[in-house]
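My request is simple: use the sequences and hints to build the entire structure.
In order, the protein sequence lines correspond to chains A and B.
Mapping of the first sequence onto the working numbering: position 42 corresponds to residue 42, and the numbering continues sequentially without gaps.
Mapping of the second sequence onto the working numbering: position 33 corresponds to residue 33, and the numbering continues sequentially without gaps.
Careful, some of the hints might be misleading.
To be verified - Listed next, the in silico PhoX-like pairs over lysine-lysine satisfying Cα-Cα at most 25 Å (straight line): (1) K294(A) <-> K294(B); (2) K185(B) <-> K294(A); (3) K185(A) <-> K184(B); (4) K116(A) <-> K192(A); (5) K184(A) <-> K294(B); (6) K294(A) <-> K184(B).
For the record, the hints were derived by calculation from the structure and aren't laboratory data.
2 protein chains.
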Amino acid sequence: MSLLAVGSIAFDTIHTPYGDVEDILGGSATFFAVTASWFTSVSVVAVVGEDFGDQHFQVFRERSIDTRGVEQVPGRTFRWKGEYVGDMNQAHTLDTQLNVFESFVPKIPPAYLNSKFLFLGNIVPVLQLNVRRALPHLHATGMDTMNYWIQGMPEELAAVLATVDILLINEGEARLLSKQHHLKKAAAVIQKLGPRFVVIKRGEHGATLFGPESIFTVPGYPLEQVFDPTGAGDSFAGGFMGHLARTGDLSDANLRRAAVYGSVMGSFAVEEFGVGRLLRLAPSDIEARYREIKMLTHFDA
Amino acid sequence: MSLLAVGSIAFDTIHTPYGDVEDILGGSATFFAVTASWFTSVSVVAVVGEDFGDQHFQVFRERSIDTRGVEQVPGRTFRWKGEYVGDMNQAHTLDTQLNVFESFVPKIPPAYLNSKFLFLGNIVPVLQLNVRRALPHLHATGMDTMNYWIQGMPEELAAVLATVDILLINEGEARLLSKQHHLKKAAAVIQKLGPRFVVIKRGEHGATLFGPESIFTVPGYPLEQVFDPTGAGDSFAGGFMGHLARTGDLSDANLRRAAVYGSVMGSFAVEEFGVGRLLRLAPSDIEARYREIKMLTHFDA
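In structure tokens form, the structure reads like this:
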């Protein structure tokens, strides 16, 4: 089924212990859409500036991603500059230039109004809510958010949370949002705010899915080297929502599979700068890593 | 099959956000033996002082643990004082009084010389090596160690590592020992030092077993509250080695089950101060939590 993503498209400048890149294609909608495109047909609502060239649109076209909802406006594209040091678990933001993203108002092309699955990337909550309300035929909506909105716009965020089915969030944010340290308690608090399913991402330690029926935990795929963590969370979301949209199945068993695909895609994302690795995949790579996680976690009852 | 443990018996004074206790029974051999006693017959080699009363020996007897190897000598029993604050992932040692433990020389009763499984708790490496060498009929030996020996006695530690089958170690220690940050690389380096199996414990995030054939990861059981983390690692080891000794089976599939039992027993250990929860178990509690971890990790291929 069709999957619509709203979020940011950015140019990232990144320093890691393994190298540096400048102004490479990034942003939550980019990582999400490129990842999800391996599972289902994806369309994107986002904004870019005049500096967003045909070679950048070409990345989306190459993955058959529908970019009719990517508005190009006067000004410069959103830019983020950050670095990873030490154990690379945490990005340190060095500079953020919102540019055209500052006045972003998502416009949904009529062709997208029948979308069945929606992912609300990490943007200001009131815009997430507007997009959610504009789509009447959804089977399921997933969303992301961040500390900045949790602390700065709690009421607006609560209004969006009340309308979604799935929240994908990292463990620090889950604790901040719920005011609970232990993740099981944190998830229970968040489920009362709206989302039936809460996926708490724990970086290299994997993720835990809290559903109405059960709890499921998937490990991180044990990479020998994390090259660039940027986009790992959005790629997790892309694999997760992509599998749900592909199957249209919201059963407990299928949500578990979706979480495994999330972990698989997050692990590919961090193997190279930007979306490099995510563009060079084959479906067999994805299935092989899925089976590896099965082997990694399987034991006899 | 019979399981012999060598390690410390201590009186612990502990401060946590949930309460305080003074001079309660603890130590690596205590947590290990009480835990492993749910799986197989266990004997202990350790040392205690004159202040170690019959009520303390009674704890071991209650679990049918053979204490003929627990030597009682003039002086006071080893004491440790520590506290847990914040996320409780790290113990802060406030005071250590080695007392009789300072001059501990493990003496192995003749009746123990046919032991088939051995666990070398975290004591000075040269003593670990002496115990290992004194036992000619072992099927498998597991060991623990710590930063203090890794940094202070690397050659002695290497000599022990070369003689054991399994190293159980936490992630910080694994990195220190291997000089590798990523755990997969760390385990590969450690395997070259001797142990075929390396179990890297990651606290609430569970543990990963690196074997010659495969990698297996088990999550931490999702407790709503960790009451006192003291002894969690030794209880993990007790469940792990206990299951191996009970079955006598060193296959890949059985090592995986052992790691799950390790996670199960570690989760019970932290629910109360000291060995309180570990004494009040029933076999059905252990099997129920084992099945819960199966449910927590199962997904369809």
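Given hint K192(A) paired with K116(A) - CA-CA distance at most 25 Å: Distance ~24 Å between K116(A) and K192(A) Cα, so the pair holds.
Satisfaction of hint between K184(B) and K294(A), Cα-Cα up to 25 Å: holds (17 Å)
Distance restraint between K184(A) and K294(B), which requires alpha-carbon spacing of 25 Å or less: This hinted pair holds, its Cα atoms lying about 17 Å apart.
Pairwise hint evaluation, K294(B) against K294(A), where the allowed Cα distance is 25 Å at most: holds (13 Å)
Pair hint K185(A) and K184(B), alpha-carbon separation not exceeding 25 Å: violated (31 Å)
Distance restraint between K185(B) and K294(A), which requires alpha-carbon spacing of 25 Å or less: Holds: K185(B) and K294(A) sit about 21 Å apart, inside 25 Å.
Violated hint for the displayed structure: number 3, the only one.
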